[in-house]
Amino acid sequence: MKHTLQQVFHSSKFVTGFCIFAAILLTVIIYPIFVPNPPLEIIAQGSFFPPGTYVSTYDTVFSSKAYTLNLPDAAAKRIAAKLGDKERQDIKDYLVLVGVPEAEIDTTNTIQLLSQWDKNYDPSKKISGMIFSKVRYYERLNKSLTGLLSEEGLILAAPNIDTGALEQIGTINLADYVNIKEVASVRTLPLGTDNFGRDVLTELVRATSVSLKIGLIAGLIATFIGLTLGLLGGYIGGTVDDVIMFITNLFTVIPSFVLLILISYSVGQEHRGPVMVATVIGFTSWVWTTRAVRSQVISLRNRDHVNLSKLSGHSLFHIITHDILPYIASYVVMALILQISSAILAEASLSVLGLGPKTSIDPTLGLMMNWAMIYQAQILGKWWAYFPVLIVIALITFSMNLMNTGLDQVFNPALRD
Amino acid sequence: MKGYRRYFLNKLLWLLVTALFAFILNFTLPRLMPGDPVAAIVARLAQGMSNSTGMKAVYEQYAEQFGTNKPMITQFFLYVSNVFQGKFGASFSQFPRPVVDILKSSIWWTVSLQFPAIIVGWIIGNVLGVLAAYIRKGFDKVVMPVSLFISNLPAFGMAVILLVIFAVDLKWFPTSGGYGFDLIPEFSWRFIWSVIVHYQLPFWSIVLIAIGGQAIGMRSMSIYELNADYVKYARFLGIKDRKIVGYVFRNAMLPQITGLALAIGTMVGGALVAEIIFSYPGLGTTLLTAIQGQDYPLISAVTLIITVMVLLANFAIEIIYGLIDPRIKAAQTD
Chain A
1 MKHTLQQVFH SSKFVTGFCI FAAILLTVII YPIFVPNPPL EIIAQGSFFP
51 PGTYVSTYDT VFSSKAYTLN LPDAAAKRIA AKLGDKERQD IKDYLVLVGV
101 PEAEIDTTNT IQLLSQWDKN YDPSKKISGM IFSKVRYYER LNKSLTGLLS
151 EEGLILAAPN IDTGALEQIG TINLADYVNI KEVASVRTLP LGTDNFGRDV
201 LTELVRATSV SLKIGLIAGL IATFIGLTLG LLGGYIGGTV DDVIMFITNL
251 FTVIPSFVLL ILISYSVGQE HRGPVMVATV IGFTSWVWTT RAVRSQVISL
301 RNRDHVNLSK LSGHSLFHII THDILPYIAS YVVMALILQI SSAILAEASL
351 SVLGLGPKTS IDPTLGLMMN WAMIYQAQIL GKWWAYFPVL IVIALITFSM
401 NLMNTGLDQV FNPALRD
Chain B
418 MKGYRRYFLN KLLWLLVTAL FAFILNFTLP RLMPGDPVAA IVARLAQGMS
468 NSTGMKAVYE QYAEQFGTNK PMITQFFLYV SNVFQGKFGA SFSQFPRPVV
518 DILKSSIWWT VSLQFPAIIV GWIIGNVLGV LAAYIRKGFD KVVMPVSLFI
568 SNLPAFGMAV ILLVIFAVDL KWFPTSGGYG FDLIPEFSWR FIWSVIVHYQ
618 LPFWSIVLIA IGGQAIGMRS MSIYELNADY VKYARFLGIK DRKIVGYVFR
668 NAMLPQITGL ALAIGTMVGG ALVAEIIFSY PGLGTTLLTA IQGQDYPLIS
718 AVTLIITVMV LLANFAIEII YGLIDPRIKA AQTD
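Those protein sequence lines, which keep their order, are chains A and B. In terms of the working numbering, the first sequence opens at residue 1 and continues consecutively. In terms of the working numbering, the second sequence opens at residue 418 and continues consecutively.
Don't take each hint at face value.
To be verified - Covered by chain A, per the in silico footprint, the following chain B stretches (three or more residues, Cβ under 8 Å): (1) 559-570; (2) 613-620; (3) 681-694.
Hints in this document: simulated from the structure, not taken from any laboratory. All residues carry an ideal CB built from backbone N, CA and C; glycine is no exception.
Please model the entire structure based on the sequences and the hints provided.
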């Protein structure tokens, strides 16, 4: 046993796969300790907030201490944030449309461009051929540009409770800064929010753990059924084997995907939790294990040590557990790894079809994918809603297949490099 | 030819048995569903109806129409005879459009998308696999990890990635549909061109996934073959490497054909989900709308059609395999 483990951990493929898998597993275990928020808590109003750190504007204004920093590039940055290359080009297009000669417009000269804009922009003016959305776009642009070049700060005012009139309560200067650590409410969303306004990273970690559980349950069920049928068919032979092989062949050609759809649909929405989906997947994917185990057992059945065991009068159970199982243990482990990874994929495919686990407590990788697809994240360019999910799915199955290939090379010398 | 005929009849019998079994599964599984489907429909129709005799009449009418008031075995024969006459009933979600009509308009999209894609992916994958096994070194170091990683992406994952890169960012191809939304199906160059353009992304996403899986299988198969005695003997005889690779390819190919027969069900399943990502007007998208609309007759018909398609593809591969494999030829001469 020790020697085998040593050999296994010498295979670079197995070790790479094992490391990736262990890293995923550790993240799934450790992350919730540091971020105990419920994974499906809706924190954002609106959908698909981009990744980043969110600082409360209100708390920023009232943070205990204001610092004055004189940074030379602050003004340039402020302008760049409002006035990118695209906006400059749009302004130029507008100015050309209203009759400013193109040669006079210099998109790199901000002051001149803005003064030209101020002089020529008129929201009430009708420009023929301009679609309505473009008109509204220029209105918004104009609003955002107001006061961009001003040198003075802003005045904060609040209504007086008695009179209702606005009274100045403070000013914000251009060079005022706050330290983010002193702001009361700051939330970092490394992967933004999803369509329902939930933190994608927290959701993803939870989804990974649920999907791994689904994979494990489905894999164990499939391997157990496959192992039992394969051992019985291979060792006993005769009619039992014929019946088992008939059923196995039947389920080999009937696509398991179709069975999955039919069973999941028949089970009904209310009963379809993660465990149920895992069980259904397990009960539809045992075929390959049965075939592999059976052919192994047939080649072992007539070995001398098995015959000796039979002559010694050992029971069927004893022969199978002591004389046959140890020889096929490596195959069974490899089959289990493959079953787990394919079960995770099966859950994802089912969920994309809308037949995944129906639950408001646990997300799964497939459900996250389904939500992102329904809300068209891929078309809207909201990569953080679906791309991390795909990466995690691919990493899990990739690491498992690497481990499997590594094991294969250890136990099948012909495949070794 | 006598031996081959026996092989053929054997496979044909197997096709019929599996088809029968598929019918039984398709018939029984949804009927195990808790609750009475007719009662559910009637409840939806009779909302606000207070007259209990009226509701009973509605219920009986629908029970008669769907045949749920007859014994199970009669229902089954009714179902099989209906299927053979192409009567799948009316769709719930697109009422009163008959299910056959919906299937007719979507099945050809799926057939002409998936089978070419799977076959092209299979061929390219096998060639790459042999090359990886033969050249080893640099090529193998690149092809193996890449194909391993690709084959581990779900088919819909590849579809999403291709969609985002080539349709959303680069705008080379359209994002969805089987043809331009401003066109009606007709035989004109504009329509055909539109179909070809819309075909590319779904096609290549299925091909790429198939390549990955096949290349890995073929590589290990070829490594086994390259270590076989006949290869060493051929090397001693001084036969050119190119010719030896040809032999190895042919021998490693046979198990790969059986592999294709066994894997085609899984591949079709994955490709159906890939269709959904592109809203391709095939069976996958039809299945999605059926599930979303709780459209039971449509789901049952689509799954049945998919099963029959896979069974037929399987049968075709087995028949071709029988013609190619020398061992079956040898059995014929006995």
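Evaluated hints:
1. Counting residues of the segment 559-570 of chain B whose beta carbon lies closer than 8 Å to any beta carbon of chain A gives 5, which meets the minimum of three for the stated coverage.
2. With a threshold of 8 Å between beta carbons, the proposed coverage of the segment 613-620 of chain B by chain A is violated, since 0 of its residues qualify and at least three are required.
3. For the segment 681-694 of chain B, the proposed coverage by chain A is satisfied: 9 residues have a C-beta within less than 8 Å of a C-beta in that chain, meeting the threshold of three.
The structure fails hint 2 only (numbered hints given earlier).
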